[in-house]
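**Q** Each chain is listed here by its residues.
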Amino acid sequence: MKDNNSGMSLLFKTSAYLIITLISLACLFPFLLMISGSFTSNESIIRDGFHLIPQVFSLEGYKMIFTFPDQLLKAYSVTILVTVVGTVTGLFLITMTGYVLQRKDFKYRNKFSFFIYFTTLFGGGLVPWYIMITKYFNMSDTYAVLILPGLMTPFLIILMKNFIKSAIPDEIFESAKIDGANDFRIYYSIVLKLSMPGVATVGLFLALTYWNDWFLSSLFINDTSMYQLQYYLYNTINTMLFVSQMATGTGVTLAKEIPTESTKMAMALVVTGPIVFLYPFVQRYFVKGLTIGAVKG
Amino acid sequence: MLKKRGFLYELNKNKVMFLMLMPTLIFFLINSYFPMVGIYYAFTSYDFAGGLFGSPFVGLDNFKFLYQSGALWKLTINTIGYNIVFIVLGNVLAIAIAILISEIRGKLFKKFTQSIMFLPYFMSFVLLSVLAYNMFNFESGFFNQVLKSLGIAPVDIYNTPWVWPILITVFYIWKNLGYSMIIYLASIMGISDEYYEAAKIDGANIIQRIWHITVPMLKPTFVILLLFALGSIMKGQFDLFYQLVGNNGLLYDVTDIIDTYVYRSLKVNFDIGMATAAGLYQSLFGFVLIMTVNYIIKKINEDYALF
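Residue numbers (the working numbering), protein chains in the order written: chain Z, 204 to 500; chain P, -18 to 288.
Hints in this document: simulated from the structure, not taken from any laboratory.
All C-beta atoms, glycine included, are put in the ideal place defined by N, C-alpha and C.
Careful, some of the hints might be misleading.
Just so you have them, the derived chain P footprint on chain Z, three or more residues with Cβ under 8 Å [as the list claims (entries may be wrong)]:
| id | region |
| --- | --- |
| 1 | 216 to 229 |
| 2 | 247 to 260 |
| 3 | 270 to 278 |
| 4 | 348 to 358 |
| 5 | 376 to 387 |
| 6 | 392 to 406 |
Label-pair ranges, simulated between beta-carbon atoms [what the hints assert, rightly or not]:
| id | chain 1 | residue 1 | chain 2 | residue 2 | range |
| --- | --- | --- | --- | --- | --- |
| 7 | Z | T442 | P | Q189 | 54 to 64 Å |
| 8 | P | I68 | Z | F317 | 17 to 27 Å |
| 9 | Z | R487 | P | A77 | 16 to 26 Å |
| 10 | Z | G383 | P | L74 | 47 to 57 Å |
| 11 | P | V144 | Z | K310 | 55 to 65 Å |
| 12 | Z | T442 | P | V144 | 43 to 53 Å |
| 13 | Z | K310 | P | A286 | 18 to 28 Å |
| 14 | Z | Y482 | P | L74 | 33 to 43 Å |
| 15 | P | D174 | Z | Y320 | 51 to 61 Å |
| 16 | P | V69 | Z | S209 | 32 to 42 Å |
| 17 | Z | S392 | P | I188 | 17 to 27 Å |
| 18 | Z | L262 | P | I188 | 22 to 32 Å |
| 19 | Z | I256 | P | V196 | 50 to 60 Å |
Anything over 10 Å on all C-beta distances counts as not near chain Z; from chain P, calculated [stated by the list, open to error]:
| id | residue |
| --- | --- |
| 20 | V66 |
| 21 | S96 |
| 22 | G122 |
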């Protein structure tokens, strides 16, 4: 009986290791293909296709990017600016809202909560929103339009509210009030400090959304020097695709002079690099905050 | 005297909180409630000069066109169909993998594989389109290289509609698996060891322990995630579909969802009235669905109600 069990356990655990390893490899595989592609000569990609190990090693993709780095650097700085300003402002507003909405002595908290939550149930849709911003607010080609729409989502506010509720007992608010602290002071010097894991999680959500956003650029930005990084990548890829299609369609060997494929891969890597680099540090907080906030919420 | 002071104190306190809430309320008022006025566009043939109230009123013509052209039916089926597949497959796989990981003892292996599986969640959808292209484009894609080396004729995947529902699902899973897996893993970690010890003493094997302890204990998490997903079943994964398919008209029949249709009507065809009508249909249909779901849940189990 006991032997039978441990035999089964062993079999199960071995297959668990095997399956998890395979799935991890599948998750990693597309990245490896891209990294390898960025170090392969363009001709080799066109002739031999993408391989896990570069068939003909070359740095021409990177050379191409760093010969004309102006636009890339510009896009980088736009994205960094938008991400930093948006995340800090958004965090400030979200934590403040979450704090007020979970205060039991704030009479209208449920009404205001519903005012915010309702926007996830029903909305005017993309088009009226688009026309409002472009036609009535005249916000095309501004940094504000890249920052403002992403400041808050009902989901993040609810996450934050639940987090504060579970992290800070009501007695703390009461005793702080007795000590004469006003509500903003309580928020600023108590709530923020005690809900750091939640702040980190929500901040990461915000930063990730800003960093990965291409949609707002595609809708509202015509000035190429104001493209966000991801939209710049998107645009470059499509231009490269156009160049190589022109080459095959017309017989003009433009594609040989511009290493379209390797440049695309190198560009994708340069754009994604910071996230991969920060990922190991950031991931821990993300997991921690999610497991506290989301499950209880 | 004391009462009055208490009242003033109360009022003063709420004033600060109200001020703190103000920016958020204004944000949602402008960003989410103002555009609701623009629902009116759905009943007009919009022209830019006329704007909100100057464009000619056409009644339900936009909706009629959407219905008669067959677009409405196709978009609804695609949007809901994909979401159902995403919800079912996404959750089942996430649960299975969370269980497997929880049974593994090697700490370093656990941490490492978890990190790798979570990585795709952090990538932008633009990058996703690059990765998909590397795998599946006709000339240099990895998939065709494999076919060639096996002596099979390469396939032009970007011109083969029937594979796209599979590919889109695979990429959806690829991107989101790590995220939902971590939520389930956290619930598993919260299960008390005592249950497992007791089951062991009773002679339950590992499969029985999982089936009779772990799986039932995951039910609340599953139900919460399921209900949230059901609530937004009319909202498509716009980024995923648009970045993978783009403006490749050949694939629209099997990949067009309401969100991509609306975006295209706005950015490519400039058909404001039609795009608003499709968006309004999505919003209203979604609203009715969520209200129904919530009503039924409340009847069954109040604790799980969305609001």
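**Q** Each hint: holds or not?
**A** Each hint, compared with the structure:
1. Interface restraint, the region 216 to 229 of chain Z with chain P: holds (9 residues with C-beta to C-beta distance below 8 Å; minimum three).
2. Using a Cβ-Cβ cut-off of 8 Å, 6 residues of the region 247 to 260 of chain Z lie near chain P, which meets the minimum of three, so the contact claim holds.
3. Evaluation of the coverage hint for the region 270 to 278 of chain Z: breached, as 0 residues show C-beta separations to chain P shorter than 8 Å, against a requirement of three.
4. Interface restraint, the region 348 to 358 of chain Z with chain P: holds (4 residues with C-beta to C-beta distance below 8 Å; minimum three).
5. For the region 376 to 387 of chain Z, the stated coverage by chain P is satisfied: 4 residues place a CB nearer than 8 Å to a CB of that chain, which reaches the threshold of 3.
6. Given a C-beta distance limit of less than 8 Å, the hint that chain P covers the region 392 to 406 of chain Z is violated, as 0 residues qualify and 3 are needed.
7. Judged by the Cβ atoms, the range 54 to 64 Å given for T442/Z and Q189/P holds: they are separated by roughly 58 Å.
8. Between I68/P and F317/Z the CB atoms are about 26 Å apart, so this pair conforms to the stated range of 17 to 27 Å.
9. R487/Z and A77/P have their C-beta atoms about 24 Å apart, which keeps the hinted 16 to 26 Å range intact.
10. As the Cβ distance of G383/Z to L74/P is approximately 54 Å, the hint placing it in 47 to 57 Å holds.
11. The hinted range of 55 to 65 Å is satisfied by V144/P and K310/Z, whose Cβ atoms lie roughly 57 Å apart.
12. Take T442/Z and V144/P: their Cβ atoms lie about 27 Å apart, and the range 43 to 53 Å is violated.
13. At roughly 23 Å, the beta carbons of K310/Z and A286/P sit within the given window of 18 to 28 Å.
14. Between Y482/Z and L74/P, the C-beta spacing of about 22 Å breaks the proposed range 33 to 43 Å.
15. Checking the proposed 51 to 61 Å range against D174/P and Y320/Z shows it is violated: the Cβ atoms sit about 37 Å from each other.
16. Judged by the Cβ atoms, the range 32 to 42 Å given for V69/P and S209/Z holds: they are separated by roughly 34 Å.
17. The given range of 17 to 27 Å is broken by S392/Z and I188/P, whose C-beta atoms sit roughly 53 Å from each other.
18. At roughly 52 Å, the beta-carbon separation of L262/Z and I188/P lies outside the given 22 to 32 Å, and the hint is violated.
19. Distance hint check: the CB atoms of I256/Z and V196/P are about 42 Å apart, inconsistent with the given range 50 to 60 Å.
20. The claim that V66/P lies off the interface holds: its Cβ sits roughly 19 Å from the closest Cβ of chain Z, which is beyond the 10 Å cut-off.
21. A cut-off of 10 Å between C-beta atoms contradicts the statement that S96/P is not in contact with chain Z; the least separation is 6 Å.
22. At roughly 7 Å from the closest C-beta of chain Z, the C-beta of G122/P falls inside 10 Å, breaking its exclusion from the interface.
The structure fails hints 3, 6, 12, 14, 15, 17, 18, 19, 21 and 22 (numbered hints given earlier, in ascending order).
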